[in-house]
Amino acid sequence: MTDERTPGTARVAAGKARELIRRNPRVNRVYRTGVGVVGAGTVALGVVMIPLPGPGALVAVGGLALLGTEFEPAKRASTKANAVAKKAYAKAKEVRADRTP
6 MTDERTPGTA
16 RVAAGKAREL
26 IRRNPRVNRV
36 YRTGVGVVGA
46 GTVALGVVMI
56 PLPGPGALVA
66 VGGLALLGTE
76 FEPAKRASTK
86 ANAVAKKAYA
96 KAKEVRADRT
106 P
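Okay, so the sequence shown: first residue is 6 according to my numbering, each after it adds one.
All the given hints hold, so there is nothing to weed out.
With beta-carbon atoms standing in for the labels, derived distance ranges:
1) 23 / 87: 20 to 26 Å
2) 77 / 104: 39 to 45 Å
3) 99 / 42: 36 to 42 Å
4) 103 / 35: 49 to 55 Å
5) 99 / 25: 46 to 52 Å
6) 96 / 15: 32 to 38 Å
Below are the DSS-like pairs computed for lysine-lysine, each with C-alpha atoms no more than 27 Å apart in a straight line:
7) 91 / 80
8) 21 / 80
9) 96 / 85
10) 96 / 80
11) 92 / 80
12) 98 / 85
Source of the hints: derived by calculation from the structure; they are not laboratory data.
Source: prediction; values computed, not measured.
Using N, Cα and C, we set each Cβ at its ideal position, and we do this for glycine too.
Please construct the entire structure, taking both the sequences and the accompanying hints into account.
Structure follows, in structure tokens:
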């Protein structure tokens, strides 16, 4: 059997589920706490991984994005982090282009 969902159906379903969660203050608090714990843990793991070889900074930015789904200050920080990452990527691409003959 194939799944014949249209693109974006999962996003709509997630939005409806989030609306249901927001209606119940206790469930909303538990949900936000869970997002906060998982997001903060992911950021912490990414920060610990930064000196190690691998995607530490990427994991930290991903955790920040996760936190940004529920917390406005984290969303602003995530937006700034993404802008810095895009700028660094563009600079690295430019340097690489200058090095190639």
